[in-house]
Amino acid sequence: GAGVSQTPSNKVTEKGKYVELRCDPISGHTALYWYRQSLGQGPEFLIYFQGTGAADDSGLPNDRFFAVRPEGSVSTLKIQRTERGDSAVYLCASSLEVAGGSYEQYFGPGTRLTVT
Amino acid sequence: GNSVTQMEGPVTLSEEAFLTINCTYTATGYPSLFWYVQYPGEGLQLLLKATKADDKGSNKGFEATYRKETTSFHLEKGSVQVSDSAVYFCALSKLGRRALTFGSGTRLQVQP
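Sequences listed follow chains A and B, in order. One gets the working numbering by counting positions in the first sequence from 1 and adding 151 to each. One gets the working numbering by counting positions in the second sequence from 1 and adding 279 to each.
Hints are computed from structural coordinates only; laboratory data are not their basis. Being a predicted model, the structure only gives us computed values, none of them experimental. It is possible that some hints are incorrect.
[Claimed, not checked] Lysine to aspartate or glutamate pairs mimicking EDC-like chemistry, simulated, CA-CA at most 16 angstroms apart:
no., chain 1, residue 1, chain 2, residue 2
1, A, 229, A, 208
2, B, 373, A, 214
3, A, 162, A, 237
4, B, 339, B, 363
5, A, 168, A, 214
6, B, 335, B, 348
7, B, 373, A, 255
8, A, 168, A, 234
9, B, 373, A, 207
Hey, can you work out the whole structure from these sequences and the hints?
Okay, structure coming up:
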């Protein structure tokens, strides 16, 4: 079946602009995650949704970052007043939350954001 | 806080060589431990995991044992193939949390 998809695959924006990154999780997966991966580093956790609500947003670096998942499926990561330091690959993952299950996170291909 | 430290790469091996990629962690309590792999042009995939001390995770010929006494989760494979060339990430999640904390990754290059 279809995996996690993310759009766009690449996004170039100017410093100070607003961007939205979209994630389509695997159908039926109730949990959704956003991570950020800077060059040469491992992914860094940003936020985790269980259904429509953010169950853990402890990784959001500041209030310029915001994410929503209004219908419990697609999620959008929103970044205001972008800075050059926001340049990274933004990864989305989803998992099926079933009691006693593995909660394995399935990752999408990522959106490469470049802030000029 | 939680952290994961991996050996720096790239690791370059000849086909059929033995592989070890070191991973140590710092965490309170008893985290779950994971190895993820990223093949060229593909997304991160779970390779194996272990959820408690002395557990051994295994998949595709790879193994890693959860060593609480040394806070380590080293990845091993007895005979690597060219198709194993990828970036390998060690990760942990704390009990009760879904968020993964990743190491910086180790690039493996296997030459024929």
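Quiz item: Tell me, which hint numbers fail for this structure?
Solution: 2
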